[in-house]
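Chemist: Read top to bottom, the protein sequences are chains Z and A. The first sequence begins at 846 in the working numbering and counts up one residue at a time. The second sequence begins at 846 in the working numbering and counts up one residue at a time.
Please keep in mind that the hints were generated in silico from the structure rather than gathered at the bench. Treat the hints with caution; some may be incorrect.
Since the list gives no way to pick out one identical chain from another, each pair is judged satisfied if it fits inside one copy or across any two copies.
Calculated lysine-lysine pairs in the DSS-like style (CA-CA distance at most 27 Å, straight line) [to be verified]: (1) Lys892 - Lys990; (2) Lys1091 - Lys901; (3) Lys1112 - Lys1132; (4) Lys1099 - Lys1084; (5) Lys1099 - Lys1132; (6) Lys1111 - Lys1043; (7) Lys1043 - Lys953; (8) Lys901 - Lys1111; (9) Lys959 - Lys885; (10) Lys1001 - Lys978; (11) Lys953 - Lys1132; (12) Lys990 - Lys1043; (13) Lys1091 - Lys1111.
Protein chains: 2
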Amino acid sequence: MSNERRKVGFIGLGVMGQAMASHIQNHGYPLFIYNRTKEKGKLLIEKGAIWCNTPKEVVENADVVFTIVGFPEDVEEIYLGENGLITNGREGQFFIDMTTSSPSLAVKLYEEGKKKGIHVLDAPVSGGDIGAKEARLAIMVGGDKEAFESILPIFKTMGTNVVYQGQAGFGQHTKMANQIAIASNMMGVSEALIYAIKAGLDAELVLQTIETGAAGSFSLSKLGPRMLIEDYSPGFFIKHFIKDMKIALNEAEKMGLELPGLSLAKKLYESLAENGEENSGTQALIKYYR
Amino acid sequence: MSNERRKVGFIGLGVMGQAMASHIQNHGYPLFIYNRTKEKGKLLIEKGAIWCNTPKEVVENADVVFTIVGFPEDVEEIYLGENGLITNGREGQFFIDMTTSSPSLAVKLYEEGKKKGIHVLDAPVSGGDIGAKEARLAIMVGGDKEAFESILPIFKTMGTNVVYQGQAGFGQHTKMANQIAIASNMMGVSEALIYAIKAGLDAELVLQTIETGAAGSFSLSKLGPRMLIEDYSPGFFIKHFIKDMKIALNEAEKMGLELPGLSLAKKLYESLAENGEENSGTQALIKYYR
Chain Z
846 MSNERRKVGF IGLGVMGQAM ASHIQNHGYP LFIYNRTKEK GKLLIEKGAI
896 WCNTPKEVVE NADVVFTIVG FPEDVEEIYL GENGLITNGR EGQFFIDMTT
946 SSPSLAVKLY EEGKKKGIHV LDAPVSGGDI GAKEARLAIM VGGDKEAFES
996 ILPIFKTMGT NVVYQGQAGF GQHTKMANQI AIASNMMGVS EALIYAIKAG
1046 LDAELVLQTI ETGAAGSFSL SKLGPRMLIE DYSPGFFIKH FIKDMKIALN
1096 EAEKMGLELP GLSLAKKLYE SLAENGEENS GTQALIKYYR
Chain A
846 MSNERRKVGF IGLGVMGQAM ASHIQNHGYP LFIYNRTKEK GKLLIEKGAI
896 WCNTPKEVVE NADVVFTIVG FPEDVEEIYL GENGLITNGR EGQFFIDMTT
946 SSPSLAVKLY EEGKKKGIHV LDAPVSGGDI GAKEARLAIM VGGDKEAFES
996 ILPIFKTMGT NVVYQGQAGF GQHTKMANQI AIASNMMGVS EALIYAIKAG
1046 LDAELVLQTI ETGAAGSFSL SKLGPRMLIE DYSPGFFIKH FIKDMKIALN
1096 EAEKMGLELP GLSLAKKLYE SLAENGEENS GTQALIKYYR
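Given these sequences and hints, build the entire structure.
Modeler: Here's what the structure looks like:
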């Protein structure tokens, strides 16, 4: 079957999902969509997408279904609930979860799918809303390599850096490594800038001076300037970052691995969330120190 | 007085100091040198540098004296000891400390110098031994702006990114901000990679996948690969990094500022040092988790 003929389902039409689904649609794939609130499907429907009232309806119509929702509980419901994808799926279908979710759950979905001859991939992304809009996401994929290769043409409508990481769960594990690296670095960036501010330095000049050297990082250069002008609007929500850190710590615990930097970062972010910052962007960490 | 006529002193001929002094020498400045062990001055002496037996002898001969030594105690002795620079200095001289040292000490030296009409600058560097060898150091300068401008031509023989940060101590404060950003990020990089290893991922592939995105940093790209091949040879010594973190925490405490990420990083590095890793490179942090 040529890729252009494949019928594609897309579940989860947040900022990321809408942009990603529209790229698939723009490449000529018939699109079947579902979301908790129908309104978010409006633009896609205007361009020809078919609205479905349940994941079950999506799976009855599509050959390949992508999901990108909020939390692992949502993923589990969409795949294994009464109206779920695997529950109602059939042999030969492909389901790809792009939510940042638990590696253990990804393995479970893979195994449940396999029992029915369904191919399940875990394929979380990085690159944020801008990466999604510009179809420049990094996509980290776990599952069977043949399934990965079959879906690769569709992945490529959404991302530029699509990498097969290995067996089921390894896409999620790679994303966890990504989040772990970011978590402690956010403390470093926040602490460096608050120190500069409190010491009376020109913090913008300090940032420009140090970002080109050994202290340089994506977070320092992209989020540091927002910290300095106190722009806390969300690129990436604190509540979602806390979810990711919890998953990573949970997985690490299963491996017998202690991650004190990550534990501390989670603690600081949770303290912010308790103070009403759960819908701020992750750069609001500097507020912890102010 | 043209810059080329200025007689320059250089104290502290470690890996960094030797390279920096040789650039000054190569630009035609007469050079007077001192170091605890004379042997490290050999190459400079062969090229015409004059050996001095004490800082006092340096200050009797040179108009401008640079210092880059180990610890704040060493700096204090070289400036304020019996044979020290300020103790034996005269009006109109310039002394520039390039050691990463305490901002408070930098202010003290500035004030002691001022009493005798001596211009003191704090000018710590970043860029490591390679930056020093290639004359591509970042130099962060605090003190009087006129003094900075007078010394700028000599700074430019050693670095490409020479930035005046403000009053006395502000060069050191900027370097502290730099070290603070690095400290927590080193935990992030170590924890991300140990997680990838323990999860059974291809850690090198994970590194390549995540380094171009939001988890990207100088430390991840430059030190991450060394962690993976277990190359712990020092680019920057753990013992010196601990010294810097102590200074930063001490200064932060004076400002009433808590830096939990930095405190934790210092604790992990101290635990490594206690286990005999004080002369390893900072990338040996991953050993804490192994």
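Chemist: Now tell me if each hint is right for this structure.
Modeler: Okay, the hints, checked on the actual structure:
no. : hint              : verdict
1   : Lys892 - Lys990   : neither (33 Å within a copy, 62 Å between copies)
2   : Lys1091 - Lys901  : neither (30 Å within a copy, 59 Å between copies)
3   : Lys1112 - Lys1132 : both (14 Å within a copy, 24 Å between copies)
4   : Lys1099 - Lys1084 : within (23 Å within a copy, 33 Å between copies)
5   : Lys1099 - Lys1132 : between (32 Å within a copy, 20 Å between copies)
6   : Lys1111 - Lys1043 : both (24 Å within a copy, 21 Å between copies)
7   : Lys1043 - Lys953  : between (49 Å within a copy, 20 Å between copies)
8   : Lys901 - Lys1111  : neither (36 Å within a copy, 53 Å between copies)
9   : Lys959 - Lys885   : neither (32 Å within a copy, 67 Å between copies)
10  : Lys1001 - Lys978  : within (13 Å within a copy, 44 Å between copies)
11  : Lys953 - Lys1132  : neither (39 Å within a copy, 32 Å between copies)
12  : Lys990 - Lys1043  : between (52 Å within a copy, 22 Å between copies)
13  : Lys1091 - Lys1111 : both (8 Å within a copy, 24 Å between copies)
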